[in-house]
Amino acid sequence: MLKKLFFLLLSGCLIIPVNRLAAQSASSGKYHSPQEVQQVLKQLGNKSNTKLHQVAVSPGGAPVTVLEIGTNLNDAPAVFVGANFEGNVPLATEGALYFAQMLLDSAIYTQNTKWYILAHPNPDASRDYFAAVKTGAATNMLVINNDADEATDEDGPDDLNSDGMITQMRVKDLEGEYIVSKNDARILDKADKSKGERGEYKVYSEGIDNDLDKLYNEDGVGGVNIGITFPHLFPYTNQEAGRYSGESPETYGIMRFIYDRPNIAMVYTLGTSNFCLVPPKGGRKGGANLESIKIPERYGRMLGIDISKSYSMDEVIEMFKARVPAGMEVTPSMVAGFLGLGATVNPLDEDMVFYKKYAEDYKKFLEAQKFNTDLLDPTPAKDGSFELWAYYHLGVPSFSMCLFSVAKVKEEKKADGEVVSMDDVEKMSTEDFVALGDEKIGAFLKANNAPEQFSAEHVKQMMESGQVTPKMMVGMMKKMPKPEKEGELSEKDKALLAYSEKEPDGKGFVAWQKINHPTLGEVEVGGYAPYLETTPKAELIDSLAKTQLPWLLKLSAQLPKFAIESEKVTDMGAGIYKLEIYVANNGAFPYPTAMGERNSQPAPVILTLAGDFELLEGKMRTPVGSLGANQVKKYIWLLKSKKGDVTATIESAVFTDAVKQIKIGG
Amino acid sequence: MARKIFLFIAIFSLALSVFAADDSKIEVPLRFDRYYNYEDVVKALEVLHAAYPDLTKLESMGVSEEGRKIYVLTINNSKTGSELEKPGVWVDGNIHGNEIQAGEVCLYYANMLLTKYGENEKITKAVDRNVHYIVPVVNVDGRAHFFDDANTPNSSRSIRVPKDDDGDGLFDEDAPDDLDGDGSICQMRIKDPNGAYKADSEDPRIMVRVKPGEKGEYTILGSEGMDNDGDGRFNEDAEGYLDPNRNWGFNWMPDYVQRGAGNFPLSGIGLKAINDYVAKHPNIIMNFAFHNNGGMWLRVPAEKSTQIPQSDVAAYDVIGKEAIKITPGYVYMPAYDLYPTYGDSDGQFFFVFGSYSLVGELFIRTQETYSEKPKAASYNDEERGGGIERDREELKFNDNVVQGELYHDWKPFHHPVYGDIEIGGWVKMSSRLPHPFMLNDLVHRNASVVLLAATETPEVEMKVFETKDLGNNLKRVRIRLENKNGLSTMTAQAVKDKLYTIDHLKVSGAKVIASGKIDDYRLDKVTYKETKPEIQFFALPGHSSAEYEFIIEGKGKVTFVYVSQKAKNVSTSITL
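From first to last, the protein sequence lines stand for chains S and X. All residue numbers for the first sequence refer to my numbering, where the first residue is 1 and numbers rise by one. All residue numbers for the second sequence refer to my numbering, where the first residue is 1 and numbers rise by one.
In isolation and in its complexed conformation, chain S is listed as follows (with noise of 0.2 Å):
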């Protein structure tokens, strides 16, 4: 019945026919074993408008496949929707499958769209959740020596307790960090020299020194995390990327296949990180600035020029213009190869308008079905994450969504007058914010953690000169670090502790239990139990994706669409004709995102003409370069022409071709 309702909600007074029992084939509320998913994913891709495409053999030797929804279309744009690259998010696998079934089970997200489904990328660490231990891991089986050592793979955890779960070990030790918690006996705090407290405790993954180096757990079975393996802002130095993205051939497969379709023109992550509801993060420091260019000494040289000042990409261009042989082209890229400028690591501000839009929008969508959004914070995407490679190097919108979360344990309101919250500062002007008074400004600052040299005296002076306004301030607390508040947990222990004792049956932590260590002597074995944070009991996960993922379906909707809205012919005399077309991009999205035509990866959309004429001015092939959202744009030629027809094509990789016929002369 909610799944009739929101059909209904989402295509507006179509009625569509649902099958409720197919859906049954692919979610049953329970998590698939790797083969199982392979299983499901076998018959789904034996239909009429479906394919199975094995894209690689893992190193532990399963196939990844990714399921082609719509095999029917051969010019439509297409979404790639990509679930559990780290493994460890069973229910993002669920969920990509559960969305699969979705898709098939109306016709209507297949009429004008083709989807890739690829569920379970990294299917070497998907078989931890329904191993008899399991440990949390992400990595797949690529054999990796991690500690240099004579032997590979010897030291990995142990199951200490049998509970069928990896946590930690706290062991008494002299050189110890760590302390028990004042706030509860569970959680282990780092101590503080500074408050006269002295660390008690080390803390170890669970497990026997194999190897008898003195060190536990550090060489265990496999492998590389295929979600930090892509290649934009590699992390090399993390052991668990490997040695260079595409080392192992799941992540090499994956790219392979997404190059060889140029026309993926949105792509979905399913998995820890959530872009649907927090934009991609920015502020990371070294990225290039094509705006503000620094040229190094020895090229100001070479171009004469004064090495103090920047200069924007296209000044720079034209120095460099005069310098080359004649007739040689110079580009962006070059320069910036030959300067060095180096990677975007930052999404950009035009892109930031769509990603802040549509968070608000989906906020909307999840209260409107009474969701609780008051969930810990998702985990921002990963350097080597897919989903950010999605937006930096394919320069495709690309959104990802984290089906569940803990939620926040609800604060009660301090008895001591209310404190206004950041939301409510962040819309007041400046005046209202003054207004508040020293004790109410110096109130919320304390809340949200504000350093101390910005009293409320500071601030308010700031405010008055205008170097600051309350929706400035804000926006930068937001950036800060949560407060920690005094004597109390974290607001992420809080949330884990409390959910830990309701909801997976008190099993999501394992209580301190002593245990006789063959090295360590007396140790504890106990913490969070692995998967707590993000795999809810398997009852849940039709809830969870019958209200988040349909969004995703909305997303895909408001694709960029490109049509020839309008033209006009002028004749000029003397068979000479002006033509005018008017293109339009009728979706929500530009086309391409500002970072797909920084890179200039994403395939061109390109108006050509044909017909019995000659060009006085314009070309036969015309790229329509970048179209906003909604917006339109005019292409003028002059044409001389005896009589007839043009066909005017908008042509491109991507998108469904649109003809027109246009009438020339009487």
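Source of the hints: derived by calculation from the structure; they are not laboratory data. Any given hint could turn out to be false.
Unchecked claim - Straight-line C-alpha distance at most 20 Å; calculated DMTMM-like pairs for lysine to aspartate or glutamate:
1) S/Lys202 <-> S/Glu175
2) S/Lys294 <-> X/Asp337
3) X/Lys529 <-> S/Asp213
4) X/Lys532 <-> S/Asp153
5) X/Lys555 <-> X/Glu534
6) X/Lys411 <-> X/Asp231
7) X/Lys529 <-> S/Asp209
Said to hold, decoys possible - Computed beta-carbon distance windows for the label pairs:
8) S/Val324 <-> X/Ile190: 37 to 43 Å
9) S/Asp314 <-> X/Ala51: 56 to 62 Å
10) X/Ser305 <-> S/Lys309: 20 to 26 Å
11) S/Lys309 <-> X/Lys496: 53 to 59 Å
From the three backbone atoms N, C-alpha and C, an ideal C-beta is built for every residue, glycine too.
Go by the hints and put chain X onto chain S.
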């Protein structure tokens, strides 16, 4: 969609253009007063292999985008040991399709090792002690097309993966055209009273920019060609462009950061095949990649944000500082000093495979002289860039030393768009390549640098230099290891990054109670190891020695073995 179709057509039509060009006889010893096209290179490898079947192995590592085989010739004397136990020396060339003499250097190296084996002591030792992997042509399609098609000295560099350079939705549709059919892409100029160029007063073939206010004679129209796609631009979407030396995994950056990167690391299928082959040969400790030009020996890193340990720089210096004496005029420097690059093969070899990688930029054009007292060729901007004097000398060299073979004099041509123009300039086989008469010198000197590096690959000696009875059934055994050559058994970077099992000294046959590194054996200063005393992990840097002490319980035969992935393992035994 259009992209796929185009790719198809491109691959299909190009595949048909493969044919043998030169049928002059190829036999052992190989000749180096000529250039070898792709088929000739394959033939040359085959005849070397046929002449020395016991010392060589000829394999295809994989195929290129257009289906050509990428060969590696392995030289190994199996009588002195199997391949993977010896320090491997890898030499490749011609990763850029137009940089062809790099292939001849590789062929010369193979030819020299094989034909002088048993005659020359140094060479015999290098063949017996090392294994040599020789890959004359990495970019096999690029080389084939460089010979077969009309080119400039700079074109046919890329991997044959079509790219839409001009953003019009078509791929590789507007390359230069050999209008006059001479096999080279030269320059076009047109008489133009408002042009920015005039003829040089001394040599009218040279185009000189006019000074402000001065009257011009010519406009330079750029490379020979037409506007094949009718977009008003000439030659703006030529073959490729995927630069095979920007497509490797380590520190790869996408195309918008650096042109030619390709879509993702190792997207070139031939490069991927080579990479997979190297991964299966962990004994490779020294590798050369030959390019042209400029006369340089470049070491890693290729980009300044990456740093390498000082002891690795010292190992490089052992080769680099000698190499510049063998190849006069070359400079030795870190690659980033030239310009930053990402995803190059030398980074992959060094940072992923733990091999000392050097790039050789072959050929210094200022060695093309026509002068009583040639100026010593040196690397600086003035001489590299030329200047009018240098332009005149180059042309005189062409006229008087190589009988006009490198320059195409300006000749009238009727262009379909521009009308009456002239075509002329340096031909394909000029500028970056030595004339064949200079080739022998180039290949010999550069191959000699490879041989020098082979002789500097590590060689470890081990001996027990002291045994002392400590009573209580305990013996103290002291071992000295010495690396007699200039390269470390393992790069410091590889140790730091834990790239693979760190070289180690291991004791078997008795119980080791304690062990440590001897800091000063005369003073009995020893740093003991806390765990696993029977094994000590350490690399032996070039020209260094290290001493270790083991306290052993019991009697009988005890064996010490030094295990290294790249250096040859050594062992020694004593009976207590």
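Check: Which numbered hints does this structure break?
Finding: 6, 8 and 11
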